[in-house]
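Keeping their order, the protein sequence lines are chains A and B. Using our numbering, the letters of the first sequence map in sequence onto residues 158 to 387. Using our numbering, the letters of the second sequence map in sequence onto residues 531 to 667.
None of these hints come from the bench; they were simulated from the model. Model, not experiment: these values are computed from the prediction. Among the hints, a few may not be true.
[As the list claims (entries may be wrong)] Okay, derived cross-link-like pairs now, BS3-like style, lysine-lysine, Cα gap no bigger than 30 angstroms in a straight line:
(1) LYS237(A) x LYS560(B)
(2) LYS351(A) x LYS265(A)
(3) LYS350(A) x LYS293(A)
(4) LYS656(B) x LYS267(A)
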Amino acid sequence: MSDHAHHSVVIPAPGPGFQDHVVAHHFDTADQEFDACKLGFWLFLATEILLFGGLFAAYFYFHQMYPETFVACGRTLSWKLGALNTTVLLLSSWTMAMGVRSAQTSQKGKLLVYCALTVLGAAIFMVVKFFEYSAKIDHGFLPGRFFTDPAGELAHLEYPNMFFSIYFTMTGIHGLHVLIGAALIIWIMFGAKKGRFHAGYYLPVDLVGLYWHLVDLIWIFLFPLLYLVP
Amino acid sequence: MSHATHSHTAHDAHGEGGHHHVASSALFFKVLVALLFLTVITVAASRVDFGAANLLIAMLIASVKAALVMSIFMHLKWDTAVNRIMFLSSFLFLALLFLFTLADLSTRGMEEQLQRVAAPVADQWKHPNPSGGGAHH
Numbered sequence: 158m159s160d161h162a163h164h165s166v167v168i169p170a171p172g173p174g175f176q177d178h179v180v181a182h183h184f185d186t187a188d189q190e191f192d193a194c195k196l197g198f199w200l201f202l203a204t205e206i207l208l209f210g211g212l213f214a215a216y217f218y219f220h221q222m223y224p225e226t227f228v229a230c231g232r233t234l235s236w237k238l239g240a241l242n243t244t245v246l247l248l249s250s251w252t253m254a255m256g257v258r259s260a261q262t263s264q265k266g267k268l269l270v271y272c273a274l275t276v277l278g279a280a281i282f283m284v285v286k287f288f289e290y291s292a293k294i295d296h297g298f299l300p301g302r303f304f305t306d307p308a309g310e311l312a313h314l315e316y317p318n319m320f321f322s323i324y325f326t327m328t329g330i331h332g333l334h335v336l337i338g339a340a341l342i343i344w345i346m347f348g349a350k351k352g353r354f355h356a357g358y359y360l361p362v363d364l365v366g367l368y369w370h371l372v373d374l375i376w377i378f379l380f381p382l383l384y385l386v387p
Numbered sequence: 531m532s533h534a535t536h537s538h539t540a541h542d543a544h545g546e547g548g549h550h551h552v553a554s555s556a557l558f559f560k561v562l563v564a565l566l567f568l569t570v571i572t573v574a575a576s577r578v579d580f581g582a583a584n585l586l587i588a589m590l591i592a593s594v595k596a597a598l599v600m601s602i603f604m605h606l607k608w609d610t611a612v613n614r615i616m617f618l619s620s621f622l623f624l625a626l627l628f629l630f631t632l633a634d635l636s637t638r639g640m641e642e643q644l645q646r647v648a649a650p651v652a653d654q655w656k657h658p659n660p661s662g663g664g665a666h667h
């Protein structure tokens, strides 16, 4: 053990175009580094579930108190755009999974292509979201005290602003995660281009992949709750 | 299959840890198809009026989709037990949050009943027996 302390553990590159991975000095082995980082990341993802969980609790609470409001306000959202974005996110989750697989099998070109496709999915998602938000803002369907509804479309309802508070908070925080995820995937692409990731070392690709799947996971619940209000 | 050889090399480089599992492309594709199919089912089910069961059905389908994403796309199926417990424990705490929120929600509008039971007790707390006590002065 003690003689290890002065030597860095190196995972050799699997071939030309790839880089060696030097294990951080405070780890004894590559496996220890991998396991420690993954455990930490899963803990972080658990806190993400709790963050969104609080918002879901708020949704269920107010849905239960004002069911007519929630159903009517949900109808102002386009379920077709919601379904389109669901499909886009599911496809991008698949391309990300394939990207991680490409890193695990040292396929640099494929990793870059799958990452690029995932970022494209993120971009389409945000563009659709932009048009959806614009429509809501045009109608004055805004959160809390910013809710105006000048045409009086939802005037017959109790607290319609409550639905839009929840809608904008949940989709807003989710959208922020989409943007952060896309930025992280672009960062992965820079590393991939340099050949940093291969069968011997793909940890960052794996972790960013997990983050991206979490974004998909949250949306799987948001879509039926907001666009198809039961 | 060149992929199979690759994944074996990865295994050998790290020793025998189950968490370096390389899932097959075919499996990933099947999961994608299942997820898209379940999305169609979600929309279709929302068109039928099942009353209060609509919410339950929507959440049930979403949970199946989530389980697919977590176990296959996120490799949780092949991950270490400690990672699985770490992540899945968050759902336990989420259940606690939902449970207590539900307890609040289902006792709303019961003020009168509570008043009837609790008012005499509360009265005693507000006006403790004036003749007794008074030891600390």
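Structure-based check of each hint:
1. LYS237(A) x LYS560(B): holds (24 angstroms)
2. LYS351(A) x LYS265(A): holds (9 angstroms)
3. LYS350(A) x LYS293(A): violated (41 angstroms)
4. LYS656(B) x LYS267(A): Since the Cα atoms of LYS656(B) and LYS267(A) sit roughly 74 angstroms apart, the hinted pair is violated (cutoff 30 angstroms).
Taken one by one, the earlier hints fail for this structure at numbers 3 and 4, listed in ascending order.
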